Amino acid sequence: MASEDLQVVPIRHWGRWVVGALILVLLAALGFALADARILYEDVPGFFTHEIMISGLVDTVVLAVCAQTGAIALGVLLALLRRSPNPVARWFAWGYIWLFRGLPVLLQILLWFNLALVFKFISIPVPFTDAFLLHEPTNILITAFVAALLGLGLNESAYMAEIVRAGLSSVDPGQIEAAKAIGMTPGKTFRRVVLPQAMRVIIPPTGNNFINMLKGTSMASVIGFLELIHAANRISSGNLEIMETLIAAALWYLIVVSVANVGQYYLERAYGKGVR
Amino acid sequence: MTLVRAHGVRKSYGATEVLRGVDLTVDEGQVVCLLGPSGAGKSTFLRCVNHLETIDAGRIWVAGHPVGFVLKGGKLHELPEREVATQRRDIGMVFQRFNLFPHRTALENVTEGPIQVLGRRPADARREALELLARVGLGDRGGAYPRELSGGQQQRVAIARALAMKPKVMLFDEPTSALDPELVGEVLDVMVALARDGMTMVVVTHEVGFAREVADQVAFMVDGAIVESGAAREVLDNPQHQRTRQFLAKVL
Numbered sequence: 264m265a266s267e268d269l270q271v272v273p274i275r276h277w278g279r280w281v282v283g284a285l286i287l288v289l290l291a292a293l294g295f296a297l298a299d300a301r302i303l304y305e306d307v308p309g310f311f312t313h314e315i316m317i318s319g320l321v322d323t324v325v326l327a328v329c330a331q332t333g334a335i336a337l338g339v340l341l342a343l344l345r346r347s348p349n350p351v352a353r354w355f356a357w358g359y360i361w362l363f364r365g366l367p368v369l370l371q372i373l374l375w376f377n378l379a380l381v382f383k384f385i386s387i388p389v390p391f392t393d394a395f396l397l398h399e400p401t402n403i404l405i406t407a408f409v410a411a412l413l414g415l416g417l418n419e420s421a422y423m424a425e426i427v428r429a430g431l432s433s434v435d436p437g438q439i440e441a442a443k444a445i446g447m448t449p450g451k452t453f454r455r456v457v458l459p460q461a462m463r464v465i466i467p468p469t470g471n472n473f474i475n476m477l478k479g480t481s482m483a484s485v486i487g488f489l490e491l492i493h494a495a496n497r498i499s500s501g502n503l504e505i506m507e508t509l510i511a512a513a514l515w516y517l518i519v520v521s522v523a524n525v526g527q528y529y530l531e532r533a534y535g536k537g538v539r
Numbered sequence: 010m011t012l013v014r015a016h017g018v019r020k021s022y023g024a025t026e027v028l029r030g031v032d033l034t035v036d037e038g039q040v041v042c043l044l045g046p047s048g049a050g051k052s053t054f055l056r057c058v059n060h061l062e063t064i065d066a067g068r069i070w071v072a073g074h075p076v077g078f079v080l081k082g083g084k085l086h087e088l089p090e091r092e093v094a095t096q097r098r099d100i101g102m103v104f105q106r107f108n109l110f111p112h113r114t115a116l117e118n119v120t121e122g123p124i125q126v127l128g129r130r131p132a133d134a135r136r137e138a139l140e141l142l143a144r145v146g147l148g149d150r151g152g153a154y155p156r157e158l159s160g161g162q163q164q165r166v167a168i169a170r171a172l173a174m175k176p177k178v179m180l181f182d183e184p185t186s187a188l189d190p191e192l193v194g195e196v197l198d199v200m201v202a203l204a205r206d207g208m209t210m211v212v213v214t215h216e217v218g219f220a221r222e223v224a225d226q227v228a229f230m231v232d233g234a235i236v237e238s239g240a241a242r243e244v245l246d247n248p249q250h251q252r253t254r255q256f257l258a259k260v261l
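Sequences listed follow chains A and B, in order.
The opening residue of the first sequence carries number 264 in the numbering used here; numbering runs sequentially from there.
The opening residue of the second sequence carries number 10 in the numbering used here; numbering runs sequentially from there.
Here chain B stands alone, though its shape is the one from the complex (with noise of 0.2 Å):
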């Protein structure tokens, strides 16, 4: 089943046109990665797909919904930002500079979500969100606030405030380019777990390993275009478009 469907997606800032007609689906439990070089427009596509970014034309389709619209009498009708919210349950994000609310706990962060925006019982809530942070491998640091973990640990963190929304896709801008060289791993990990356990992804990354290693599918994109994708390997290890090769040489 498709699970987002993106058709001709074009977006410009002013005069600068950062997306010309991107076109990316993804496939429940897929693991997608977007590569490329700095401005290529990989951040903002994957920000459009959680309309953190709107769209100047094209569509992307998410669990079936045209995101940011409703479909009604063959028209697409814009949404108030309240009912857009209601869409981004299905969506959860991770940021390059992890984003925790720092007046709440760890725990707190995780279970914001559940408890304001899915109604559910504190109680519950947070015995599911300790065992989100024991799976991030941060089970004893729920009383934490975020200015008191490192780098590391608030990414993950955030992996688990975006689980907890129990979200159909998850995306990740750069989630581990803030970090320090040594803390990449421990992010990594997290998310090779969660792609073998099926969760469907599209990963903005510059980790090639990662990709490697997880991604069904690798996107390459270039000035706000998608140059070649396709299987992982066949991309990663037999390039065909010259940007790729050049761009593949300079990082491995």
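Chain A with its partners taken away, still in its complex shape (with noise of 0.2 Å):
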């Protein structure tokens, strides 16, 4: 027999087959044992939409949105310290990063808002005269939202320090001659040339980063600021419908976290012009 005429037999994956009736098994078992569940289903859209569920949602976002974003214009200003000729700025900028990625989150929120114990005001005194451009109780400035934002803020920007001085080394330095060479100045040749192809490689790990501040707003509840689980524990304080209310939290952190991917990704897009 011609071998053209052979019948071919496909290689059976048998394996593939047993592991993925395994998997819809143990989902199905899920399934049935969440359904039969003491969970109040119907009470959870409610709580999604309750009064409180929303003002903790938007102090959540915002928070989250304010801190990353200070922490990234702290970050690329210690970045560039870091790579500065400039021995004490160098030094300066490590030993910042090394003190605010060193202490957990929680301690430092805790430090920020008990800072009224240690200064009773805080002043920005006018040089040589007895005038202050600010004099104001600490209690007053720090609230529980500036306590947040420093203790998230600041960590944040060491992170966001080295993962910018790991997007500016990057890139390739024939690029900033090239820059020199049309004549560009030091800062347009940093704006126009370094920063947006050190972007591909800022923009991914600080989504990342971006989502884990958004999860680590919750932190800030421990302060009593209004956020997305502060709010479900107000709710359920009142009818102890604990999970239903955390499940309502729960379902506004994925969609918050879902619309962080989808800008991410347009970012990644926008950035990746003449690479992909």
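In short, the hints are calculated from the structure, not lab data.
Predicted model, so just to flag it, every value in this text is computed and none were measured.
Each hint can be trusted.
Here are the simulated lysine-lysine pairs, DSS-like style, with alpha carbons at most 30 Å apart:
(1) Lys-81/B <-> Lys-177/B
(2) Lys-451/A <-> Lys-536/A
(3) Lys-81/B <-> Lys-451/A
(4) Lys-177/B <-> Lys-84/B
(5) Lys-536/A <-> Lys-175/B
(6) Lys-175/B <-> Lys-81/B
(7) Lys-451/A <-> Lys-175/B
(8) Lys-451/A <-> Lys-177/B
Beyond 10 Å from chain A on every Cβ pair, some chain B residues (computed):
(9) Met-10
(10) Glu-26
(11) Glu-140
Covered, in the sense of this in silico footprint (three residues per stretch, anywhere, with C-beta under 8 Å from a C-beta of chain A), are these stretches of chain B:
(12) 101-110
(13) 113-125
(14) 143-156
Glycine included, every Cβ here is placed at the ideal spot set by N, Cα and C.
Using the hints, put the two chains back together into the complex; each one sits in its own frame.
Following this line, the structure appears as structure tokens:
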């Protein structure tokens, strides 16, 4: 018999069928268990759109966006300091990152929130006069929001500094030379040539960190800041439907994180021009 | 008129002296080729001319200005980087590895300098950039990103980018060394045309044929110093220095 007439028997992947079936069975079991659990699913939509929950959602997003934005700006500055020819600047940036990356965020939030214990007033004096640019009781200035913003933002800025530094280092030095050769100033070289190319390396880990930041805002609940978890607890303290309110909060976290993912996708596409 | 004058240029990297007193004069409209073995300091010297490298001793004048300095009250004051940037507008440079901006199209690469540095109106810069791209034979590739272009095409865009600044002198740092052999010709053709149009050029190259065809002056560099220089045909056809003879025997 000529070989072209021979019947071909494709390999059977029996293992794949078994593993697939096993996963489906386990998922079904989980589904039945949850359906049978003592959860009042019909109450979840009410908690999901509850006035307190929405205000917690807004505060969570505002805190995360403010802290991340500030952290990015500070991170760029710190990365530049770390790459500076000035040894004092390099040393300072290294120490800053060592400190703010090394301490737990929760501890930092608590330190800021209790600042009034050690400094009664926060003052910015005008040099050589008795006048003050700012002179306020610490208790008034450091609200729960400000303490959480400082705790989350300063910690994140230390991480951002390293992410930005990695991004800047990834740009070919020839790019800087080319920019100089057409007469660009150092500032313009950074903004027009180095940063846009560094962004390709900076964006993915920053997106990761922002998702962490969104969830990290939950730590602000310990100082009474009304973010999603605090909002859920407040609602459930009246009706004791703890699981139901937490599920509503969980849904909001997943929605916000998904929106952030979409944003990251478009940012990556914008900065991937000419490369992908 | 003298456009570039280098006098006693010295430079060391740590203990290694890479330039040991280089003297070179380039007149307006002249094409000068720097030849010599690898490691002779040709590229380093060229990079000193637009202050990408600083020099340890000597002086380089371009278009009447001491590069990297300003003459005030009989003293040379070192210029901050942003003012060196202004001096560099007059000095175009083409690199061995092209160094096009990968995140911008060919056209945007060419308009970047005129718009961002010279403050030209985008519409004008665009029109002139298209003319320049046409001049280097890429009139239809303005919308392409560098990675979509061949090495030879990228180098021609890089030449157009440098020309867009309307420089007084163009520096070429081994412009064909990173190219596949079959792409060398298209870049050299553009450079020959540029030379014919009267552009002042300093070219570090291994292309002896190019030097013979267009160079007014050839300078041969060995171990950080120019050992022989003169009219292209004299140096290339009747080399006096032993190292020049050795080098030419190898590359021809």
